[in-house]
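So the protein lines, in turn, are chains A and B. Just so we're aligned, residue 233 is where the first sequence starts under this note's numbering, counting upward by one. Just so we're aligned, residue 1310 is where the second sequence starts under this note's numbering, counting upward by one.
Keep in mind that the hints were calculated from the coordinates and are not lab data. Don't take each hint at face value.
[What the hints assert, rightly or not] A few chain B residues facing chain A, derived, Cβ under 8 Å:
(1) L1333
(2) R1479
(3) A1534
(4) V1591
(5) V1596
Glycine included, each C-beta is placed from N, C-alpha and C at the ideal position.
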Amino acid sequence: MSSATGTAAPAGSSYYGQPVLKQPVWTPEIPAYFFAGGLAGASAGLAYLSGEGALARRAWATALAGAAISPPLLISDLGVPSRFLHMLRMVKVTSPMSVGTWILSAFSLATAGAAAHALTGRAPRTAAVCRPAAALLGLPLSTYTGALIAQTAVPVWHEARRHLPIVFAAGAAVSAGAAATVLTPPEHAAAARRLTAIGAVAEMASMLVMEQRLGKLGEPYSAGTAGRLKRAASALVGGGALLVAGAGRRSRAAAVAGGATVLAGAAAARFSIFRAGFQSASDPAYTVAPQRARIAAGEARGASRRSPR
Amino acid sequence: MTFTVRTYGGDEKPQMGFFTDTSLCIGCKACEVACKQWNEIPQSMQGFTGKSYDNTVDLGANSWRHVAFVEQRKELAPDGGLVEQAVLEQLASATGLQTYQEGDGMRWLMASDVCKHCTHAACLDVCPTGALFRTEFDTVVVQEDICNGCGYCVSACPFGVLDQREDDGRVWKCTLCYDRLKDDQQPACSQACPTNSIQFGELGDLRERAEQRLEQLSDAGAEKAQLYLADDDDGVGGAHAFFLLLDEPEVYGLPPDPIDATRDVRMTWGAAAVAAAGLGAVLAAAVFGGRR
Chain A
233 MSSATGTAAP AGSSYYGQPV LKQPVWTPEI PAYFFAGGLA GASAGLAYLS GEGALARRAW
293 ATALAGAAIS PPLLISDLGV PSRFLHMLRM VKVTSPMSVG TWILSAFSLA TAGAAAHALT
353 GRAPRTAAVC RPAAALLGLP LSTYTGALIA QTAVPVWHEA RRHLPIVFAA GAAVSAGAAA
413 TVLTPPEHAA AARRLTAIGA VAEMASMLVM EQRLGKLGEP YSAGTAGRLK RAASALVGGG
473 ALLVAGAGRR SRAAAVAGGA TVLAGAAAAR FSIFRAGFQS ASDPAYTVAP QRARIAAGEA
533 RGASRRSPR
Chain B
1310 MTFTVRTYGG DEKPQMGFFT DTSLCIGCKA CEVACKQWNE IPQSMQGFTG KSYDNTVDLG
1370 ANSWRHVAFV EQRKELAPDG GLVEQAVLEQ LASATGLQTY QEGDGMRWLM ASDVCKHCTH
1430 AACLDVCPTG ALFRTEFDTV VVQEDICNGC GYCVSACPFG VLDQREDDGR VWKCTLCYDR
1490 LKDDQQPACS QACPTNSIQF GELGDLRERA EQRLEQLSDA GAEKAQLYLA DDDDGVGGAH
1550 AFFLLLDEPE VYGLPPDPID ATRDVRMTWG AAAVAAAGLG AVLAAAVFGG RR
């Protein structure tokens, strides 16, 4: 016990339990966009690689739908929606939101050109440029959102910065596979079923690895609403993927049911990660403990300095 | 020592900032009132919180200065606190530090918190519209005619300073009275502070002054006295609003090792690129994997 300065700060001490960080002000439109954007991005890649045919047409339509719904979701989340064009005042590599806005804008244009051709057969020369562009832009569109939330002070997001883009990529893959499985007759949907299976395994494995690496800090992913959503997501993605893999080839009904279940699970996974951020920011212990650990381990010197004597 | 801002050419100014010496704070909240009045900030919570004399609670869109009150009863030492009392009397006579602890074991810490105006400001780096900018005084300011309320800065700030104003959708925070600085005036809070707990000036001068005060307090027995955000080599590159604290930062609700979330931007983008490439590989495997 020290003399003049009162009791030592007990481990995990705080100011009346007040959070150090502000709660994110983002609304549920944001995780909805994470889902829609990933679905669109990976669907464009699936469509392009599939070439022509039933699967490609439906995947282009999915990409177009995702690209169409994404800007309204993002704009309605803004505090001042009428100022959405201010997003295009600059290009800023330190801001994943700025980079992402440009990626989404370019992706939407390219996807419109590609889908128009796939669905109507018109404007083939425009489509020849748009198709590879959309497929290529769809990849970073699916992963920059992981970088976006990682570039915050929210502990469960920032400390997972190596993992979140991979989790989001896996989520995009399984979403695109499931959507194409739902929409495409089984005899043309082999690639979609394979994508669903690979994506489901990747999503569950990447989530598991992320939580293991976070250790105690990762608790918010399993607690409260985030935990319930995560468990629902695992059950839906796993069960749906099994149904698709097991019976999707023979039965259209099984393919539709399985694919829809996977889609619901993939969406729930985005909402789980989103909620976990709020839960992590609301408890000062999650903010202070890892910072104290960094200082104790000698990885950081902290922001305080006492008199050198 | 004078640090100047290099990017403003002929308009360059010395770096300005606040040194908040919490050992001099008497908890009068004149800073909060002066700030609200000058900056025409809407009223915030007026109720009783049960958190000592604190009814502002935290910094936010409508509170740009916040006086924290740490009121704790502590166990007296086996000698009835005689030794501690002697040290406290020494502190009081040597440094004027009287508000810190009363003889009956009640501990009082008061501190006026504010936006730190970080050298490496994550809020500014993540702002997609350029609403947040660095002024010629090296402070960080939100342009209210540009901000579209995307909320990225709110989650990027390691101190929980910025927040969205509910009825207006935009994000607001301390401007270090940019308008007053432009007219060679000091900020409203430091002008109103009756004990000089909030000191405004050139960053280099303030750091020298803080150094002397830390030494004085440490010599007199305040062994946990510490400078917070007063160096260039911490996680935010030092701040233009820095503090002398009498206990660990978390006691005041401040993070002990805040970092600029964009410090790892290359690694984060690297992870996103690897994940994007992986997604491409998975798509290719799914499409071409069955055709062999």
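Less than 8 Å between beta-carbons is the criterion; does R1479(B) satisfy it with respect to chain A?
Holds, about 6 Å.
Interface hint outcome for L1333(B) [beta carbon to chain A under 8 Å]
Violated. Min distance 16 Å.
Once the shortest beta carbon distance from V1591(B) to chain A is found, is it less than 8 Å?
holds, 5 Å
Minimum Cβ distance from A1534(B) to chain A below 8 Å?
Hint on A1534(B): holds, closest Cβ of chain A at ~7 Å, below 8 Å.
Holds or violated: V1596(B) as interface residue toward chain A, Cβ cutoff 8 Å?
holds, 4 Å
Violated hints amount to a single one, hint 1; each of the other numbered hints is respected by the structure.
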